[in-house]
Amino acid sequence: VVEHDAQIIAAADRVIELGPGAGAQGGNVTFDGTPEKAAKRPELATARALRPIAPPPAPSRGAHARVVSVVGARGHNLKGFDVEIPLDRVVAITGPSGSGKSSLATDILYRSIARHLGMGADVDVPIAHDRIEGLGLVRDISLVDQAPLGRTSRGNAATYSGAWNRVRALFAAEPEAAERRLGPGAFSFNVEGGRCDACAGEGSETIEMQFLADVVLVCPTCRGARFKPEVLAVRHREKSVGDVLAMTVTEALAFFARDPAIVRALGPLTKLGLGYLTLGQPLSTLSGGEAQRLKLARALAETKKGKLFVLDEPSAGLHEDEVDLVARALDALVVGGASVVVVEHDLSLIARADWVIELGPGGGAAGGDVVARGTPAALARKDTRTGRALAERAAMIPEAPARRAPRAALDVATSGIEVTHAREHNLKDVSCTFPRGSIVVVTGPSGSGKSTLAFDVVFAEGQRRFLETLTPYARQFLPSMPRPDVDRVVGVPPAIALEQRTARAGSTSTVATVTEIAQYLRLLYAKVGEPHCPTCDVPVVTSSPAEVFDRVRAAKGEHLLLAPAVSARKGTYLDVFAAASRAGIKRAIVDGAMIDTDAPPRLKKTVEHSIDLVMHEGALRDLGREAIDRALSWGKGAVTLRAVGGKAAREDVLLSTLRACSRCGESVPELDPRWFSFATKQGQCPECEGTGLDDPEAGPEDSDPCTACQGSRLAPLPRAQRLAGLRYHEATSMSIDAAHAWARRLMFSGDRAKIAEAPQKELVRRLAFVEDVGLGYLALDRLAASLSGGEMQRLRLAAQLGSGLTGALYVLDEPTIGLHPRDTHRLLSNLRGLVDMGSTVLMVEHDADTIRAADHLVDLGPTGGRGGGRIVSAGPPSAVLADPASPTGRALAEEKQTARLRTCLGASDDQIVIVEPRCHNLKIDRVSFPTGRLVVVAGVSGSGKSTLVTRVLFPGVRRALGLEAPAPGAHKKITVPKSLQRALAVDQSPIGRTPRSVPATFLGIYDEVRKLFANAPDAKVRGYGPARFSFNTPKGGRCPACDGQGVISHEMSFLPDVTTACEACGGTRYEPSTLEVRYLGLNIGDVLDLSAEEALSVFRAHPRVVAPLEIMVGLGVGYLKLGQGSHTLSGGEAQRLKLAAELAGGGRTKPTLYVLDEPTTGLHWSDVAKLIGVLDQLVRRGDTVVVIEHHPGVVAAADWVIELGPEGGNAGGRIVAEGTPSAVARRATATGRVLAELLSSERPKSLPSPRAAL
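For any residue, its number in our numbering is found by taking its place in the sequence shown, counting from 1, and adding 1086.
If you are wondering where the hints come from, they were derived from the structure by calculation, not from laboratory data.
Hints may contain errors.
[Unchecked claim] Once the Cα atoms are required to be at most 30 Å apart in a straight line, the calculated DSBU-like pairs of lysine-lysine come out as: (1) LYS1656 x LYS1767; (2) LYS1840 x LYS1656; (3) LYS1381 x LYS1391; (4) LYS1314 x LYS1722; (5) LYS1691 x LYS1767; (6) LYS1722 x LYS1642; (7) LYS1656 x LYS1691; (8) LYS1314 x LYS1840; (9) LYS1847 x LYS1767; (10) LYS1381 x LYS1325; (11) LYS1672 x LYS1767; (12) LYS1691 x LYS1722; (13) LYS1357 x LYS1325; (14) LYS1656 x LYS1690; (15) LYS1672 x LYS1691; (16) LYS1722 x LYS1767.
The task is simple: from the sequences and hints, build the whole structure.
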């Protein structure tokens, strides 16, 4: 904590003091230790702050004779009291926060006296009170608060104190100034004449860098001196006016020691500890405490007789030494004939006051009364908050650590995240501790509760706690998190979830925008890009006002001469309209509509607006130079010509003194980063509206590029801008790898180097992070929606690495999905980087290398569904994997056997042949897929696997079979054997989005179940048919309260929606009479609550129900409940249900091509063997299975492997190996090396029969 308060310092465990002085005299650590030791070092500022402070026993100024009385103070929370405020004294008004101090001192006393003295125009109306007596005793009044003194660099200590007027006069009196006819005005940087014209006396130019810190460039003309050379040539005692501005107050007082006016103006600053300020330091850079002391310093230099000063907490931000200076200054004001009223909490100032008025006793409604008044010594004897505080401060001695209550040291590195009795979903009172500052892997069989523990308990609790710290208004804009079913979660830091979902990516989101690379690239293009004419494509140069004048006069026909005062900026801009109206400018065009400046529209503050002031309408040939210059002044160096009756924006001609084409003279405005986004009005191509296509409604395969922007999606102006010779869309078309190399090579000089330094550094840094997570092959303009779940998760991981957050909890869901085993170490290295920054990584993972690389491993099981939900082993990976009870340990011990489950069938006579596929990065002459075989397409990430299989093979085969499909990617020819009749993609898209779609209905077994219930004796007696047992039809027996959904969602307005089980049916989905019908002792609601494994024993006698259930169990999803809403299923679970539906078709299906993309997603090693058995069953019945896969076990179990590579992106797209797994294992490729290691010790194990495998 940064603090000056003596009580907090005394209670600290450790004190670090900086000093010994302020400004240039500070910046050193002068003490580091306990408060007790600091108190024994009298030379330290902290020791002086910790000294006991006792109020003087008797007032130094005696009894007061003159008072101002406030009668009936009742505004805000004041309770209608009367109080006398002594004059010619220092009066402290104190009390708890919110007790009414400022209401009394500022809102009643100051406002009433100020308005009585004729200051009403600038003073608000006083709050409610009856009257003030003694107004005539006050001749003048001043409010000294902490409000900023200025918002620009034009005000400084010299001008504010009045010293600069005398300095200007001294310089103007020099003979050299007289020779050059330079008067005092020439030595002011606030008026034209002597100041530098290039920077208007600012000395610098501020470049807005949006989300980065603004860059301040020294003016190249005056080099920061703010004045013209002839002014700087004038010397006063060998110093220029620029030299004087660079002096500190202390140095200036020494230099001008013989000048009474300057000493009188600057002297009070040193008395208040501000001698370190430079005379030219802008007032806008001062702290609140410095600003208030500067105001007080000016008050000390003024005439004080009969004046009342009202100060609002002048001790704020001040050390005890500086508080002493303030107290001396207040005393000096009173000695000089003034009166002081100070609102204050600082006990040092209160103790040194002449009179104290305490309000209270509490704050808000509990305050507003006068609880004590008198001298500080008298108050210290009273039992009030201030009285007790004064008494304690007088006796305060820092406590030694041994005398304090013991404080347990918290070692963040060794402390953990503790979960106690978690019961969410299938977790069975799970209690565990995850070490913080480490990589923790949660693994176990599919459905064992891994994601529930990591996401639904730990992450949900961390996120929920963070959201609860926000206001209800802010929470309505954020995603809601339900409270997990857990007794206690302790030690959860701010949590960030990186999941596999791509749904959050918007339709226009790209790799560059998701990683925030685009923001830095756009900033570079906007600030240091080389502008080019959009018509002539030549670099633009600066135009002179005379050239603009000639072009305006040359315009034929009648035009509106417009001054672009505001261009696409947020705000209300009443000041612009008011200023224009006063200047005689009657009309303006606001957001395309003509308005009267005397009656401006009410603009929304949060919406971007454009305001063009109408400077002239009609012919331009006779327009004078003065009118053009006036328009340029209002338009900040630019004017716009709009033909009368012409269309806005498209036909406008912009003319600027800043930048113009040397060939056609057209001006190019300064572009900001928004111009380089096709999602903004400024940046998008007006013809295709940023889609890049001639037909925005068509897909990218079915439409030609936009003829206006050539598919770049950008408007002409941003499209013409260059950076190192590249246009923006050319830069974003590069891969991450190429862009990283290009960004590192960018070189700038002069001011451009200073402007580009921060964004270029951050751009290179973020590109490197994306490269490090194995995604260097992705193009920057690749749509995020087209990425796989694994790619999107790693992209978000790269963005988090770039954010530089420390001490966070990152929860990841299988980050190795889509990653070739060769690149796993790079991902682990990045995760280790997060840990090294003080964060904790908690991930659900099945990858063997990742499991072994963890710091802490948690293995759930022993099976999935109701058989899971328990921690069977936890600790270091070596210990867990050696534990006989660990299902993961057993599975990894048999990983080589898993790889040899199938007998390799090799190639076949019939093949699907694709000739010259050229889609995206593919560079293949010919590729063959043997039919009736399990074919695995492998290769490193980005090598072209998905392009070949899902963009060329699958749609090409479907079209060849006469089936509906999108246009396949570029290729020369596809040959499909006559034996193949169907083609089906078994992907991970949801099978439904509401609770109405459940596994039982998707697999078609619920019809059979409903028939069984309809045949039950109770159902026949009641006349119930199968429809009675449907929860999807209103005519059935579904619960009318929840319409058969089993749950009811309660909208909580600004709070998160709450989903609860339906009270009427208890979540069973049915009304009571329907639930009375039983089958083998179970009602229809009980059946929906069964897992697939449990349902097998119940319906053993019914093959049509059992067959799909057996397949579900065989695919590792036997833990899913028959009535589980499909919207709650993961992508991998949805994919395996689709496989189950296909296998359940049995002999009814025709020879089919099945295409699967990473079916091992979410599968434990123990379940991979089951998946291989299911895929083998499809092959044995004559189907062709083409799988995109990285899992070594699946690749090794294939009949035929096609490996693409050798790298990703442009360096991939070729076949680097092809053949049986054993043949590929002999090749020195990425997949070959993994297979060689896996097949090195062959322990063949025959594959059980398909039914046994299931």
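We went through each hint and held it up to the structure:
Distance check on the hinted pair: LYS1656 and LYS1767 sit about 14 Å apart at the alpha-carbon level, within 30 Å; holds. Between LYS1840 and LYS1656 the CA atoms are separated by roughly 28 Å; this keeps the pair inside 30 Å, and the hint holds. With a C-alpha separation of about 18 Å, the suggested pair LYS1381 and LYS1391 falls inside the 30 Å cut-off, and the hint holds. At roughly 22 Å between alpha-carbon atoms, LYS1314 and LYS1722 fall within 30 Å of each other, so this suggested pair holds.
Restraint check: the Cα-Cα separation between LYS1691 and LYS1767 comes to about 18 Å, which is no more than 30 Å; the hinted pair holds. As the CA atoms of LYS1722 and LYS1642 are separated by approximately 24 Å, the hinted pair is consistent with the 30 Å bound. Straight-line distance between C-alpha atoms of LYS1656 and LYS1691 comes to about 6 Å, which keeps the hinted pair within the 30 Å bound. About 25 Å separates the Cα atoms of LYS1314 and LYS1840, which keeps this hinted pair within 30 Å; it holds.
With a C-alpha separation of about 29 Å, the suggested pair LYS1847 and LYS1767 falls inside the 30 Å cut-off, and the hint holds. Under the criterion of a C-alpha separation no larger than 30 Å, the hint pairing LYS1381 with LYS1325 is consistent with the structure, at around 28 Å. Taking the CA atoms of LYS1672 and LYS1767, the gap is near 28 Å; set against the 30 Å cutoff, the hint holds. About 22 Å separates the Cα atoms of LYS1691 and LYS1722, which keeps this hinted pair within 30 Å; it holds.
Distance hint between LYS1357 and LYS1325 is fulfilled; the C-alpha atoms sit about 26 Å from each other, no more than 30 Å. In summary, the hint linking LYS1656 to LYS1690 is supported, as the alpha carbons are separated by about 8 Å, within the 30 Å threshold. In summary, the hint linking LYS1672 to LYS1691 is supported, as the alpha carbons are separated by about 23 Å, within the 30 Å threshold. As the CA atoms of LYS1722 and LYS1767 are separated by approximately 22 Å, the hinted pair is consistent with the 30 Å bound.
When held up to the earlier numbered hints, the structure conflicts with none and fits them all.
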